[in-house]
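Chain by chain, the residues:
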Amino acid sequence: MPDVSVTIDGTQINVPVGTNVVDAARLAGVAVPVFCYHPKMKPVGMCRMCLVEVYTPKVDPATRQVVMGEDGKPVLALMMNKLQTGCTTPISEGMVVNTASDRVKFAQKGVLEFLLTSHPLDCPVCDKGGECPLQNLTMQWGPDSSRFDYEDKIHFEKPIPLGDLILLDRERCILCSRCVRFEDELADDNVLGFGSRGRSWEIISKSTPAFDSKFSGNTTDICPVGALTSSDFRFKARVWELKSTPSVCNLCPVGCNTSLDMRYNELMRVMPRENDAVNEIWVCDKGRYGHRYAVQENRLTTPLIKRNGEFVSATWEQAYSLIAERLGSYSGAQVAGLAGPKLPNEDLFSFARLFRENLGSNNLDHRPGSPADLPLDDLPRTYGVGKGTNLMTLGKGTAVLVIGADPEEEAPLYQLRLRAIAQRGGDLTVVSGYPTKLERSATRKVRVKPGTEAQFALALVQAVAAEKLASEEVLGSGRLKFSDEYRRVLAAHKFDDLVAATGLAREVVITTAKAFASAEHGIIVYGRSAAADPAIPQALAAFAALTGKLGKANSGLIALRPGGNFRGALDMGVRPDAAGQPGLSAQQVWQQAGTGVKAVYIAALNPAAENPAAAQALQKLDFVVVQDLFLTETAQYADVVLPAAAVIEREGTFTNAERREQRFRQARQAPANLPADWQSFQAVAQLLAERAPVAVAARTLKKGAKVFTPEAPQGWTAMLTSDVNDMVTRSVSGYNAASYSALSTSRGAWGRQPNEAVYYDGTSYENTEGVGIQIAASAEDSRTTLQLNLSAPALRPVGELVLLPVARAYDGGDWVRGSKLSARQVPAHIIMSVADTARLDVGIGELVTVSSAAGSITLPVQIETGLDLGVALLPEVRGSTLGALLTGAQTAITVVKA
Amino acid sequence: MIGSLFKGLGTTLKYLFKKPVTVEYPEVKRPVRERFRGRHQLKRFENGMERCIGCALCAAACPADAILVVAAENDPHKPNSPGERYAARYEINMLRCIYCGYCEDACPTNAIVLEHQYELSFYERAGSIFTKTELLVAPDQGHGEIPPILQHMNRRPSPPAQIDL
Amino acid sequence: MALRDIHGAEIDTLLARYAQRRSAVLPLLYIAQDTYGHLTDDAVREVAEIIGMPATDVFEVVGFYSLYYTKPMGKWVLQVCDDVPCCFCGAEELITALEQALGLRAHGETTRDGMFTLERVKCVAACNKAPVLQANLDYIYNLTADKADELLNELRRRADSGEQLSVSGRAATV
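Line by line, the protein sequences give chains D, W and R.
Throughout the first sequence, residue numbering follows the working numbering, covering 1 to 898 in sequence.
Throughout the second sequence, residue numbering follows the working numbering, covering 1 to 165 in sequence.
Throughout the third sequence, residue numbering follows the working numbering, covering 1 to 174 in sequence.
Pulled out of the complex, with its shape left as it was, chain D reads as follows:
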């Protein structure tokens, strides 16, 4: 973009065309105070705080030439002959801006005096006190006294709830509309507005439920006064008492950087931590309000051993030795390990080591073994977005294809980030079989027949050939290898048949393919619905590879799968197919429980909750160890239950969906000094190693590894989490650069700028603990050959209705314990189309019995107007017992009125 030259308070700088005066001043190191302007949102000029003197060169109307003065310099004229709001005034060539003249100071004082006329000045009571832009700007730019009488202030009843999470204090509100604009522009939730007018202007929310947004907490951050406060933090602490510990949210695969604000050992609030490549300065409500589970009273604090059907407390030594003794008594094939994808990398790595090296078992999985499990898919390791990907920088020239995903439910922050790409001029295609929120922001909304995403994806691959969209560079490099199956599937599925199956017009598929192929950057985001059929990720990988959208920054695949650290689980090898002889998957473990499999070690997973088959299988096992924070449904079947430290009580790393490894720190002392999960794994492994020394698997260790001293029990000598991380960096491919010190010092290209406080004050977004390191995709190495494969799409089952499981952000998991969001959890229900409910004569909330070949359940009905006939959606929430119903990616069901 061409630069223009401007002078701000005597400093001459060049700034890009279109920059406004406030931002330009910021670049020049000059602070212009603002309330309503926020760099992440469009300026509106509502608060008048940024008034500045703007002079532009005088232009002769006749000649359209700049008038020159006698000194040879352009004659300057005060724009509009009055002060201008800096945020709404774009920079133009030769502009001269004064931000500190007497006239400006007089205006600033006036604005602040006026804003304070109706402000209650109850700072000692206010939660924003201490990080309040109104306080700070008043100190720096405000008048020393007010001409208005204190007794004349308008008083409102305070506070009124805007929703169950956010409360509004109308006295404090300065009507800057930051919250309204955030919800409308960024979050696309039209739930906030201005009610009434004049002196009784106020923020209202009339949605049902009120303030129905998954990003509502962010409005309290950007509120420049204490008008919006969260019910989660109200009066908990004063902000200067808080100690911020950098952390990473593990509730979804976005991996938002958060700050755990602690007072002593107590978690007071969770705030976003700035990381432009991950969450900018936002965090969703789940990440903000969903970490109170760790401070619940009913946490497990001692190991429990089942004796005569009753759990009795035991010492750690007793528990560990019992586990080692029992697990060690079986052969490798007889034991299995399941570790949840919310565990940090260090734990998953140790867990995989324990099983592969000490127990000699490859029966490892990070899935709960329900029929709703997604098939393993590691294509993003090869075709994932390249190192240096930063969605925030993308706009024009970027094509994003979202397929079979509901980002707001699966990974909420992607809703904001993908919508922002579309707003900046990117091409956003949303392909879905059912209504999703993101499609409202899409450039191209493609509604396929439900369950035909696979046909659509294959049609895209066909379109590449038909329209000659393949990248010459990639084809010419000779890196692509096509399997026989690839050719067979392509030959068997004709483009027109595929398009006909999706119910779309031919042109839609072709324009989508062309838009993607012709863009400079191409990103494919696929979620739960797409990952359920392995044919879809394969076809998407082939499409991305053929169009050259691989192996470089900002191009490639992003998979959204359940579990905040699913990427880490795949990389650390907590999967049945990682090495050597493939082991049993979780589903197979339950099938072979009691016969082939005798003992199971389950960490941070609750398979019995939604899957009756798993509960039955657990009863058939000889020995079950469950390691979790709470006495879960699964733990009831355990022989030994081990407690563990929560995420906020230990340190570690998570890898997000874009393969960015990020480090989190310990914020709190664990109750009863509970060990981190990896410490328990290590303790068991040490005992096993003493019992039956096995050769340290040389393949995982490089020469000269100091940690593995000969006298140490088989290399299980980690003292700190960083010792485990050292092993990870040495033995897991791609992670070699991601040491703890590198993770905490790596700063991105972005950074805080001078005068940042003017914008961001009130919210400690500052990130001083590193932005993480992206693990390179293997396609980035130009020597790797890329084996492309395709499979035939799963056939749509024949039945009255087809059932598709869909993800929900508020899924009722363990994180909801103690959370303000517990009120937002919905009970299990089935979503059907208007036509189907009319046919069955059921209304909203009425019960229906849903039956499939696997079983049947009775659920209340919800109606979705945008849904196709013949399809039912079953949200994955607590109590949906999906496992009892599903037979595959798509399940044929019959529904009758109960």
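Hint data in this document are derived by calculation from the structure and do not stem from the laboratory.
Take the hints with a grain of salt, since some may be wrong.
[Claimed, not checked] With beta-carbon atoms standing in for the labels, derived distance ranges:
#1 Arg96/W / Asp144/D: 34 to 40 Å
#2 Ala100/D / Arg89/W: 42 to 48 Å
#3 Asn81/D / Ile98/W: 56 to 62 Å
#4 Arg89/W / Lys71/R: 42 to 48 Å
#5 Ala100/D / Phe88/R: 48 to 54 Å
#6 Gly48/W / Thr208/D: 40 to 46 Å
#7 Gly108/R / Pro827/D: 44 to 50 Å
#8 Thr208/D / Arg96/W: 49 to 55 Å
#9 Pro26/W / Lys243/D: 40 to 46 Å
#10 Pro72/R / Asn265/D: 54 to 60 Å
#11 Arg96/W / Asn298/D: 32 to 38 Å
#12 Asn265/D / Pro26/W: 39 to 45 Å
[Claimed, not checked] Which residues of chain W face chain D? A few of them, derived with a C-beta cut under 10 Å, are:
#13 Ala59
#14 Glu73
#15 His77
#16 Gly83
#17 Thr109
Heads up, the beta-carbon is just placed ideally off N, CA and C, and yes, glycines get one too.
Based on the hints, put chains W and R in the right spot on chain D.
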């Protein structure tokens, strides 16, 4: 030699007839100066409400980190203090306190006042932590007043202190 | 009875008139206001539902315009201009006369029988015929205090005659 002895005894004799400077503590207590800073009290408004609104500015001002304030939200029907916030816990560690009076200066509602009581001794360390039970005055006595310095300047306290109902 | 059932045809005509559905929000709110007497919370939500707009946006519109009433109004809303020209020509006397005749004050109060609501308004752009009163947005010109009783009787008669009345001015003639 003898002269020195009588000189000394003379001094003793002289003081025998003078009024002693010491008092017979603890039976007799010496009055302290008006601005003496002794044990804290948490004052009330005339209507009986607590003046303390739990803002924790005293804790922030305290150079010895002797004060702990944990705030909570008032029940609108039965408020403890004017406004939404009150101090659910208010503790001062009297062993840590250096009686500097910064808390008094910081208090926007004149709730905390260092009074004249100076007899502070404890049988155990835990006893040195005074809670609201000890600090808060009874509803019918000891209302916080406008500090003399403000009276002298003919000024009212800053707004929160004006919530006197 | 929902709006759709009573005014289905009119609503469809209005929706068809505009290129965007949300453009029909003002006339639909008038219909809702006339149907329910004033705009209740449910009435506004019903309009939002018909147009497919977020409820919050419709509430913003209702709050902004002073001719949308969110509290119960009389069958006749009498708005007397008390701006300078009307005042010179006897608006204050007219207001006093109306207040006495109706037994209420001109701050938007409604008579007990629910017939009249009396309000003061600023200029209604008919200064040449001052003083001016609007009855359900119908202009009544040169209304001096002595004609107040006569007007009230006439309005009562019209209300009792079963004539279609509209506080939103949909039935206004001038």
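Please write out, lowest number first, the hints stated earlier that are contradicted by the structure. 15
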